[in-house]
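Enquirer: Required output: the full structure, derived from the provided sequences and hints.
In order, the protein sequence lines correspond to chains F and Y.
Sequential numbering from 699 applies to the first sequence in our numbering.
Sequential numbering from 699 applies to the second sequence in our numbering.
Some hints here could point you the wrong way.
All copies of an identical chain are treated as equivalent in the list; a pair is satisfied when it fits inside any one copy or across any two copies.
Unchecked claim - Listed next, the in silico SDA-like pairs over lysine to any residue satisfying Cα-Cα at most 25 Å (straight line):
#  : residue 1 : residue 2
1  : Lys1081   : Asp700
2  : Lys1081   : Glu786
3  : Lys803    : Val830
4  : Lys1087   : Ala796
5  : Lys1062   : Thr1094
6  : Lys923    : His769
7  : Lys872    : Glu953
8  : Lys920    : Leu952
9  : Lys844    : Gly916
10 : Lys803    : Gly852
11 : Lys949    : Ile850
Read the hints as simulated data drawn from the structure, not as lab findings.
2 protein chains.
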Amino acid sequence: MDKFDLIVVGAGPGGYIAAERAGAAGKKVLLIEKEALGGICTNHGCIPTKSLLNAAKHFVHGIESAKYGVHFDNPVFKLSEAMAWKRETITGLQKGIAFLMKQHKVEVVFGQAEFPSGRPGAEGFPVIVDGVEYRGDDIILATGSKPFVPPIPGHDLPHVLTSRQILGLEELPKKLVVIGGGVIGVEFASFFSNVGVEVHVVEMMDEICPMMDRGLAGVLRKEMKAVKFHLGARVESIDDSSVTFDKNGEKTSLEADVVLMSVGRRPNIEGLEGLGLDMDGRGIKVDEKMRTNIPGIWAVGDVTGESLLAHSASRMGEVAVANMTGGNQIMRYNAVPWAVYTIPEVAGCGLTEAEAKEKGFNVKSAAMPMKANGRFLAEYGKKAGGQCKVVVDADTDLILGIHMAGGLCSEMIGAAATFIEAELRVQEIKEIIFPHPSVSEIIKDTIWNL
Amino acid sequence: MDKFDLIVVGAGPGGYIAAERAGAAGKKVLLIEKEALGGICTNHGCIPTKSLLNAAKHFVHGIESAKYGVHFDNPVFKLSEAMAWKRETITGLQKGIAFLMKQHKVEVVFGQAEFPSGRPGAEGFPVIVDGVEYRGDDIILATGSKPFVPPIPGHDLPHVLTSRQILGLEELPKKLVVIGGGVIGVEFASFFSNVGVEVHVVEMMDEICPMMDRGLAGVLRKEMKAVKFHLGARVESIDDSSVTFDKNGEKTSLEADVVLMSVGRRPNIEGLEGLGLDMDGRGIKVDEKMRTNIPGIWAVGDVTGESLLAHSASRMGEVAVANMTGGNQIMRYNAVPWAVYTIPEVAGCGLTEAEAKEKGFNVKSAAMPMKANGRFLAEYGKKAGGQCKVVVDADTDLILGIHMAGGLCSEMIGAAATFIEAELRVQEIKEIIFPHPSVSEIIKDTIWNL
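Expert: Here you go:
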């Protein structure tokens, strides 16, 4: 029986980073993964979608670049080739993770982890994979999440796909209906609409992407010109060739040869029942140090139901490992950035203005259109939408949130996360120099406008 | 005779930002500009080159994107259309600056400023434009710089152009020789080579771009595959159709129908002689508060010969205005980012490893290839070069410098400037969350590798 300091279950961005950090700290670590290194993020989520969206971006650019003198004929998008590139990317990243595990002496076992008991024996917690028993002094559960498929009539038809299944297509659909206008739904809508597919998004709420500033969600929706959005619309049924929804009592049927079901994700807690873990409404209940109710068992990432983002999972993994190796860290959610990789991108960090007001802050805010920025204007032109918005606590001059739509804001939002995490005040940020011309200057310029 | 609190001479990024900040602070401000709002940066520098490089990037992308399923035929680049787009961008930005001046009640006068005397009368310093006299309690000189043309035989032939003149071309040259492999030279080399021009760069030093980490300069040079670099080569003469250089005693002639002379820039100090300003070897001598030797006269931007970058000029303008309006700020150069907008981009902030060692720091450093990053791999593939390098003071764990090549690093370097300016330590940066997948994560990952 192999004995480890730490057994990590799940090799997604929560699990493999935790294993890496613990290995780097000198711990003897076992990483158990039932499918593939990198988890959903690398294999069926963040990475494949970004790979496809990059291809779509170049396809659109090639079509729209005549305005600055760049001309091409006969645009053709071949999904099967984009998918091949995507697979090559995934393989490269899996190899990278395998290398990191080796570098930090993390043992990797593939298979389904079973937990015969939550009680540690003298040799630690038992975990069984394919009949082989391992023991760990500490356990990190990083089992992730899976798509939630609501029991709408027709949900089990073969052309109704989850976000994972749709990544297996080799040919473009003709008409795609996306059920659910959250991040996953709008990213796929952006991809397919930009490569020529007719796309409808049906969303039950009155606006897409609930975590976004409502104004920026509207900007995104308007900029996604090729997509038809149906808001405040409840899907009632799906059949072989159509999706029927109800909006204010009126029924509409949309033709669809593929339907994407993207209404949310649920934590993977099957098989953990025997551990006696406390759950809350969303997943495994953890404290701010990532401890579950059972001493020695930690949970990180989507399975906790908190902040379902790859980088949140990674940070949770780091916090858990820090706390089990003599450190004392807490998981802070106030400076978690997020990005939506639509065309155009949207990104944010911290509170929206509405959230800040709801929490009782004395809010000061400023917003600027992206096209006030030199580089943005040079690259996207005066007709392009987009905005930067900064939300500040007027009592302390601390940044509460920064929200952007337009350009490559996913690459700029790291600066915003730094402002919030480092608790910089407005005057301090005014003195930071951003390079000119860069779209990132819009953050500083908006702060000067407060 | 109009009397102002502040007269700003030069409406580039040093001058117009100074005028804006002073106007916002309630000062009565006159801005004098001899040509066009925005100065060289907006009209003949940063903005037009970025506009052209963006077009070139899309041209290359359209040609190279077949690898992920995006196909086009018949690529054609029309320089005249790219130049028209560039002009539209410039016009838009000029209007933006004019709006800002109006918003902050800054009066704008076009014409050449003359200085009859450096001595303030009871009514302040006299400045004359087109025979009209204005007076200012304070003067900010922000007169910028111009290209330096060395007296190489043939330098005055009509096809030998400065960076400003080459932006007036309406047709692509067939063979371009760039004299000088600094930032301006390599950006133009990148642009023209990517749209199909045969380009040679002749550089006297042993490597291009002296401010770059030597390793990253080499990465950039290798990634600019279509350009032929001649290093350690001294141009001896230019004639109607060729450029002749000497390398280790051996002469080579390169055919050229256009020659770009980009060996450096010199401060614009003509007409300032009467003021009695102290100069140093580079330009107007200023202290860290941007004061010249004459109380009430300040100088900012390229004319000081310090940090010839648009954003440095803007920050100098802010510092000068803060100090003349009751504040107490100093100009810090340790956290000035820079970016080279070649394909691929290079960006940096702070000291290179070699500079840090030379200054006597106890240096710790780490570097990672860009392709270790998920998004970079998804978008650029495993053959793409690029690197992130972090330089730390091992005694304090403060960041001394961050240097990157590859991807859109110009948009990420703002985070590095923030780390340095806010004096964050390694452990603090490890706890900052960057969005996944973003290329900006490479900064954090490299810091974890220290």
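Enquirer: Indicate, hint by hint, whether the structure satisfies it.
Expert: So, going through the hints one by one against the coordinates:
1. For the homomeric pair lysine 1081 and aspartate 700, neither the shortest alpha-carbon distance inside one copy (63 Å) nor that between copies (40 Å) is at most 25 Å.
2. Within a single copy, lysine 1081 and glutamate 786 get their C-alpha atoms only as close as 36 Å, which misses the 25 Å cut-off; across copies the closest is 12 Å, which meets it.
3. For the identical chains of this complex, lysine 803 and valine 830 are intra-copy neighbours only, at 20 Å inside a copy versus 78 Å across copies, given an alpha-carbon limit of 25 Å.
4. Proximity of lysine 1087 to alanine 796 under the C-alpha cut-off of 25 Å is restricted to the inter-copy arrangement: shortest distance 23 Å between copies versus 40 Å within a copy.
5. Taking identical chains as interchangeable, the C-alpha atoms of lysine 1062 and threonine 1094 lie at most 25 Å apart only when both belong to the same chain, with a minimum of 11 Å there against 36 Å between chains.
6. For the identical chains of this complex, lysine 923 and histidine 769 are neighbours both inside a copy (22 Å) and across copies (23 Å), given an alpha-carbon limit of 25 Å.
7. With identical chains, the CA atoms of lysine 872 and glutamate 953 are at most 25 Å apart within one copy only, with a shortest distance of 10 Å there and 53 Å across copies.
8. With identical chains, the CA atoms of lysine 920 and leucine 952 are at most 25 Å apart within one copy only, with a shortest distance of 21 Å there and 52 Å across copies.
9. In this assembly of identical chains, the alpha carbons of lysine 844 and glycine 916 never lie at most 25 Å apart, being 28 Å within a copy and 45 Å across copies at closest.
10. For the identical chains of this complex, lysine 803 and glycine 852 are neighbours neither inside a copy (48 Å) nor across copies (64 Å), given an alpha-carbon limit of 25 Å.
11. Taking the closest pair of Cα atoms, lysine 949 and isoleucine 850 come within 25 Å of each other only inside a single copy of the chain (15 Å); across copies the shortest separation is 79 Å, beyond that limit.
The structure is inconsistent with the numbered hints 1, 9, 10, although it conforms to all the rest.
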